[in-house]
Amino acid sequence: MSDIENKIQEEAKKALEGGDVSVVIGWGAGSAPFKTTPVFIEKPEDADKLVWNPACVNNLAVYLPKLANDKKVGIVAKPCDIRSMIGLIQEKQIKRENLYIIGLGCAGVVDAFNLDSQDFHLQDVIGLDWTSDGLKVSTTNGDYTLSCSDCLRDMCLVCTKREPAIFDVKLGEAVQPSDIRESLIPELAEERKAYWSEQFSKCIRCYACRQVCPACYCKTCFADRVEPKWTAKKATAEEAWMFHATRMMHIAGRCIGCGECERICPVGIPVAELAREMAQAVKDTYGYEAGDPNQESPVLGQYKEEDFDPAHHGG
Amino acid sequence: MSEKIISKDKIKEWIDVLMQSHTVVAPIERKDAPAEFREIKPGDEPIIDGSKSMMPPKDWLLPRYETLFKVSKGAEGAQVEPAVPECKPTVMLGMWLPDAAAIRVLDRVFLDDKFKDPYYAARRENTVLVAVMPAEKRWSWFCNSVDDVETWKDSVDVLMYDLGDKFYVEGISAKGEEIIAGAYFTESNEADTIARNQVWDLFAKCDKLPFAGKALYDNLAWEDPIWAEISQKCLACGMCSYMCPSCSCFDIQDETNGLCTERYRCRDTCQFEDFTLMGAGHNPRNNQLPRSRQRLLHKFKYQHEQFGVVGCTGCGRCVELCPVNVDIRDVLTRTCSKERAEEPVKAD
Ligand code: SF4
Ligand code: SF4
Ligand code: SF4
Ligand code: SF4
Ligand code: SF4
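Order-wise, the sequence lines are chains A and B. Residue numbering for the first sequence follows the working numbering, starting at 1 and increasing by one per position. Residue numbering for the second sequence follows the working numbering, starting at 316 and increasing by one per position.
Mixed in with the good hints, there may be bad ones.
Using 25 angstroms as the maximum straight-line C-alpha spacing, the simulated BS3-like pairs for lysine-lysine come out as follows [as the list claims (entries may be wrong)]:
no., chain 1, residue 1, chain 2, residue 2
1, A, K35, B, K452
2, A, K136, B, K388
3, A, K229, B, K388
4, B, K452, A, K229
Everything labelled a hint here was simulated from the structure, so no lab data went into it.
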């Protein structure tokens, strides 16, 4: 058990013993060594169920709007999860004083499906651990070390904000891999429309990308509305355009790039790539980045005289 | 039952011949996406190599989106245009044996004598099922814990075993025998049979999980603290049923454009909030707890009572895909183990 994991358990235990935190959300051991599962710890003695390892992928902020509106909730969180919380606080979905954040310095997390390789299969994996050379994968046939670029999730490959922006306790150190990439946004090209048409033709319209997104907290999503009907439920590329284009407009300036939507898509649509483009556009136009604790309100809730306005500045 | 060998490099020729008389459906390679079951068209790359396809074969039999009929208003009043497909004899190739067993579950739902679904029946009734046994084990399988997998062989017409550079091929039904009569099928020898048995044993003889057998449906209870536990983390993403080869639920919607209305059906799942939402606004399953319970009870209790088969074949897709790692094997182990069943249950 790692040192940090121990400390997380101690902090969670303390918080629950203190009495004002009613539950601590964190990651627990999953059903396979390369999986973790969200856990909701209510009793101090259960705090030892919390784990911290390279498979702690879930952005647990997704649970907060429902859970933390009337009570204080402890949460173990990566820096990106915390940026989601900052957004939720700015949008008045949760109150800062209802959160007890156990923030972690981050080395990135891995996507289990990227691990299946020439050398070993997932069913042989018995443990994952970060070392100074990369990810150590222990298997029944020996240990392997993978470089960060071979196993980190896409979002982690470009992430430069690896320290918690806000927290009540901070544990662990940020690790910046040397092979970090500049950007994952492809050059805007003529073929873009064809590219996305092909991507959207795969969409099975399960809406899982929306369900896992902490920024998608609407009580009734436009996509589920019957009257007026914004988009039909049938799985066609046209309807998927409508769904994704609208969702992207709704998360513009709000998506913090956790990549959960991309992780879950069963047909491999790079949904977060669109979200990254939107974030870049908002940054270029308004100088605003989602999840910044120094901003008081979301970009769409601010008005500045000098803001870009297509009517005045030519669009 | 005939037993033969086909070399993997002859598969293409075999498919070409089948395509002269049949619609041939197989997992087709797609760019940056898991292969999907659809009709093979010239230039397609079907994947018949023993690997498991992540997309379920129901994508073909129960499409994600299907027009049921169209109604348009013209000078002579309303015109109804039915859309029941006309299907040539079809061969479905390349599905993994548990997925064929899942089709057996779909058949119970859609080919029932009293409520036969004409759309499903049109595609299904004239279809020859050819299943493949992969040579490698996958971490998420638990097939032989949910059923006697030996009986699954009867749900296919041909069963192929992946032996590396060739397949061992068993013709199981008369329809199946017909399509493996070509010259590229050769006699098998004793070594092939031994290799075939190894492939089968890898699948059928792995350890059984504690819920195997009667415990699977007898011990599942309406009141069980586990429903609260899994529903708390469940994000209602629906992946566990949209991708499940044996989940059959669908939604029916109308879409009107001018004077023409299309009625279509598309996928739906008991994990969604509006699945049980009534017209007047009442929702009998008004939070995630009864929804999480429904998925398990429907698969392992209600379907077993109704059809004598469980609605899960242990394919492991939901195990692999659930974003919060609700692992159905864990849930079953805990709900069906003796100690668990005897624990006092707390009310909702
Ligand atoms: S998760 Fe993927 S398949 Fe599902 S709705 Fe989103 S983009 Fe479509
Ligand atoms: S849109 Fe995707 S990347 Fe952005 S916050 Fe939502 S889940 Fe995360
Ligand atoms: S393992 Fe999951 S996806 Fe597969 S048949 Fe069972 S319930 Fe469906
Ligand atoms: S588990 Fe749910 S979605 Fe699947 S068939 Fe049963 S009720 Fe339908
Ligand atoms: S896949 Fe997991 S999170 Fe999604 S609906 Fe099923 S149990 Fe819930």
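Going down the list of hints, with the structure as the test:
With a C-alpha separation of about 19 angstroms, the suggested pair K35(A) and K452(B) falls inside the 25 angstroms cut-off, and the hint holds. A C-alpha spacing of about 67 angstroms is found between K136(A) and K388(B), which places the hinted pair above 25 angstroms, so the restraint is violated. Between K229(A) and K388(B), the direct Cα distance comes to roughly 22 angstroms. Compliance with the 25 angstroms bound is thereby established for this hinted pair. With a C-alpha separation of about 45 angstroms, the suggested pairing of K452(B) with K229(A) is violated against the 25 angstroms cut-off.
Taken one by one, the earlier hints fail for this structure at numbers 2, 4, listed in ascending order.
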